[in-house]
Amino acid sequence: MVSKHSASDAEEAKLERQLQQDAQNAHQSNSNSSERRPFSDLDLTPATSKALDAMGFKTMTEVQERCIPPLLAGKDVLGAAQTGSGKTLAFLVPAIEMLQRLKFKPRNGTGAIVISPTRELALQIFGVAKEIMAHQSQTMGIVMGGANRKAEADKLQKGVNLIIATPGRLLDHLQNTKGFVFSNLKTLIIDEADRILEIGFEDEMRQIVKILPSERQSMLFSATQTTKVQDLARISLRPGPLYINVHEQMASSTVSKLEQGYVVCDSDKRFLLLFTFLKRNAGKKIIVFMNSCNSVKYHGELLNYIDVPVLDLHGKQKQQKRSNTFFEFCNAQHGILLCTDVAARGLDIPAVDWIIQYDPPDDPRDYIHRVGRTARGGKHGRSLLFLLPTELGFLRFLKVAKVPLNEYTFPPNKIANVQNQLEKLISKNYYLHQSAKEGYRSYIQAYGSYSLKRIYDINQLDLAKVAKAFGFAVPPKVNVTIGTSLKARKDRDHNNDEDEDAPQGKRQRVDRRSYGSRDDKAAMYRKHQTSSNGTQWSR
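By our numbering, the letter at position 331 of the sequence shown is numbered 518, and the numbering carries on one by one without gaps.
In short, the hints are calculated from the structure, not lab data.
No residue lacks a Cβ here, since even glycine has one placed at the ideal position from N, Cα and C.
One should not assume that every hint holds.
Unchecked claim - No farther apart than 30 Å at their CA atoms in a straight line, the calculated lysine-lysine pairs in the BS3-like style are these:
| # | residue 1 | residue 2 |
| --- | --- | --- |
| 1 | K508 | K245 |
| 2 | K611 | K664 |
| 3 | K456 | K586 |
| 4 | K290 | K345 |
| 5 | K337 | K237 |
| 6 | K373 | K237 |
| 7 | K337 | K292 |
| 8 | K262 | K317 |
| 9 | K456 | K471 |
| 10 | K615 | K664 |
| 11 | K415 | K471 |
| 12 | K342 | K508 |
| 13 | K505 | K471 |
| 14 | K652 | K601 |
| 15 | K444 | K245 |
| 16 | K508 | K466 |
| 17 | K337 | K508 |
| 18 | K290 | K397 |
| 19 | K664 | K503 |
| 20 | K292 | K262 |
| 21 | K365 | K292 |
What the hints assert, rightly or not - What follows is a list of derived Cβ distance ranges for each label pair:
| # | residue 1 | residue 2 | range |
| --- | --- | --- | --- |
| 22 | S370 | Q520 | 46 to 52 Å |
| 23 | D228 | N363 | 42 to 48 Å |
| 24 | K601 | L429 | 51 to 57 Å |
| 25 | V315 | N593 | 32 to 38 Å |
| 26 | K601 | P576 | 16 to 22 Å |
| 27 | D390 | P496 | 38 to 44 Å |
| 28 | T232 | Q507 | 34 to 40 Å |
| 29 | K586 | K337 | 48 to 54 Å |
| 30 | K601 | M242 | 40 to 46 Å |
| 31 | D230 | K586 | 42 to 48 Å |
| 32 | Q520 | P256 | 35 to 41 Å |
| 33 | E402 | R467 | 55 to 61 Å |
| 34 | K586 | S227 | 38 to 44 Å |
Starting from the given sequences, assemble the full structure and let the hints guide the process.
This is the structure:
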């Protein structure tokens, strides 16, 4: 008879081996160069040089210095670089230079395609490309799920030299848009390849690569080198690509100016600590990661209701809402963004002071991607990871991944004791009560879907304490589905909607359980009051 933990043990052992290999690669590829070359050394066209100068880019980062020259020479590149390392310029500059040197015109159709895993990242790459091409005549456009397909098709038929795309929508246009000229394609760029494959676009990518002209230059960038990424590289790159593995620090998988810590906190104290932290850092720019859409939605509604202004970003929102929220937070000097992992990869949000991982990730590599939102471009940043006492085993995996963390402690007498006010508010406010119940259900369901079962063991959860964190005096009765891991959930491009219970999307429902001990209690919606010497959230 196979032990119930055997599968989990095997998965954990495999993960640990992968982390050790990543750390070894980082050690072997470390560069000791302290001098960074200026962009002027590259002999770029005047239009590109002028744009880079206007954008404030004088010298190259390591990934740019190592990637741009061989790409300008026409080589294929398989690149691995830390998040925040400057790889967007590393692939855009050669692609845009190619278009200009070959004098691409709209009638020539598409000469370069950049494939991105998410709409937000596609929009960001599009914004950078637009700045670089400010003084050039070549055309550019973006095609992505959630946007107006007909408008995209009309533009493609007129000729778009540089396309930024998400996989599903790109494949749709390649297969179905008449007049879309891509036979002259010279460059294919696949960004965040591991993320593209994680969220379920392996089949789409294979079809895209098969449809596109084979005589082309290709670039594939991935934060991690998995078997699937290697398979995609094999079919998309020409034989003998240049492999560039860039890690800025030999001893650490995260940047040196990132101060990282963790706090051990019981379930019933989690929200109190988060509330206290956000209140005390009101003048900072903070991103808070949670593991389900409903949890983000509930906490966003609650915090805004009790005068802690926050923005929220998750996959259940319509694309326009997500884009508006993203750019609003980017442009803010300070503020708080609650989000799922939809914002964790590749996005460049300026001047983030703190990354709070309120719900821990399922994989140390996801941790690294999350904290990559701060300490970018040589700036300082901080991160804080919330862990339950039963989750401390996750630190072992972070250590293997060469992630340096210090334990932070918060004196109990310094944590705002607002539990009674929270429970009173949730019991009296119908809308918040319903939202809290969905958030609570989704938290349990997402927790049961972690792949590291021995660390994130749903049977070790104290549901009474978990309910307290969501504002319930007694756990509400909820139905949950437990079975498929977070990694197995798919985030499809045609709608990019997330499952209500996790950022990775829809999944098979396999084990429905009922948790809780009482029916819903609802009351009329009432406005809150905040006094000068204490918190009164409902009367």
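To see whether the hints hold, each was checked on the structure:
1. Between K508 and K245, the direct Cα distance comes to roughly 35 Å. Violation of the 30 Å bound is thereby established for this hinted pair.
2. Our distance criterion of 30 Å between C-alpha atoms is met by K611 and K664, whose separation comes to about 18 Å.
3. Simply put, K456 and K586 have alpha-carbon atoms about 26 Å apart, close enough for the 30 Å limit, and the pair holds.
4. As the CA atoms of K290 and K345 are separated by approximately 17 Å, the hinted pair is consistent with the 30 Å bound.
5. With a CA separation close to 35 Å, the supplied pair K337 and K237 exceeds the 30 Å bound.
6. The hinted pair formed by K373 and K237 meets the criterion: a straight-line CA distance of about 24 Å does not exceed 30 Å.
7. With a CA separation close to 22 Å, the supplied pair K337 and K292 stays within the 30 Å bound.
8. Between K262 and K317 the alpha-carbon distance is near 24 Å, which keeps this suggested pair within the 30 Å criterion.
9. This hinted pair checks out: K456 and K471 have alpha carbons roughly 23 Å apart, not beyond 30 Å.
10. For a cut-off of 30 Å, the pair hint linking K615 to K664 stands: about 18 Å separates their Cα positions.
11. Taking the CA atoms of K415 and K471, the gap is near 39 Å; set against the 30 Å cutoff, the hint is violated.
12. The straight-line distance between the Cα atoms of K342 and K508 is roughly 24 Å, inside the 30 Å bound, and the hint therefore holds.
13. Taken as a hint, the K505 and K471 pair is honoured in the structure, with Cα atoms around 27 Å apart against an allowance of 30 Å.
14. With a C-alpha separation of about 20 Å, the suggested pair K652 and K601 falls inside the 30 Å cut-off, and the hint holds.
15. For a cut-off of 30 Å, the pair hint linking K444 to K245 stands: about 21 Å separates their Cα positions.
16. The suggested pairing of K508 with K466 holds, with an alpha-carbon distance near 26 Å, which does not exceed 30 Å.
17. With a CA separation close to 21 Å, the supplied pair K337 and K508 stays within the 30 Å bound.
18. Pair hint K290 plus K397 holds up; C-alpha atoms about 26 Å apart against a cutoff of 30 Å.
19. Only pairs whose Cα atoms come within 30 Å are accepted, and K664 paired with K503 is accepted, the gap being roughly 24 Å.
20. For a cut-off of 30 Å, the pair hint linking K292 to K262 stands: about 24 Å separates their Cα positions.
21. Taking the CA atoms of K365 and K292, the gap is near 19 Å; set against the 30 Å cutoff, the hint holds.
22. As the Cβ distance of S370 to Q520 is approximately 47 Å, the hint placing it in 46 to 52 Å holds.
23. Take D228 and N363: their Cβ atoms lie about 44 Å apart, and the range 42 to 48 Å holds.
24. Evaluation of the 51 to 57 Å hint for K601 and L429 yields a pass: the beta carbon distance comes to about 53 Å.
25. Taken as a hint, the range 32 to 38 Å holds for the pair V315 and N593, whose Cβ atoms sit roughly 34 Å apart.
26. The hinted range of 16 to 22 Å is satisfied by K601 and P576, whose Cβ atoms lie roughly 20 Å apart.
27. In this structure the supplied range 38 to 44 Å holds for D390 paired with P496, their Cβ-Cβ distance being about 42 Å.
28. Our hint of 34 to 40 Å for T232 and Q507 holds, since their Cβ atoms are close to 36 Å apart.
29. One distance hint, 48 to 54 Å for the beta-carbon pair K586 and K337, holds here, with the actual separation near 52 Å.
30. In this structure the hint that K601 and M242 lie 40 to 46 Å apart at CB holds, the actual value being about 43 Å.
31. Evaluation of the 42 to 48 Å hint for D230 and K586 yields a pass: the beta carbon distance comes to about 45 Å.
32. For Q520 paired with P256, a C-beta distance near 37 Å keeps the hint of 35 to 41 Å intact.
33. Our hint of 55 to 61 Å for E402 and R467 holds, since their Cβ atoms are close to 59 Å apart.
34. In this structure the hint that K586 and S227 lie 38 to 44 Å apart at CB holds, the actual value being about 42 Å.
Checked against the numbered hints given earlier, this structure breaks hints 1, 5 and 11; the rest are met.
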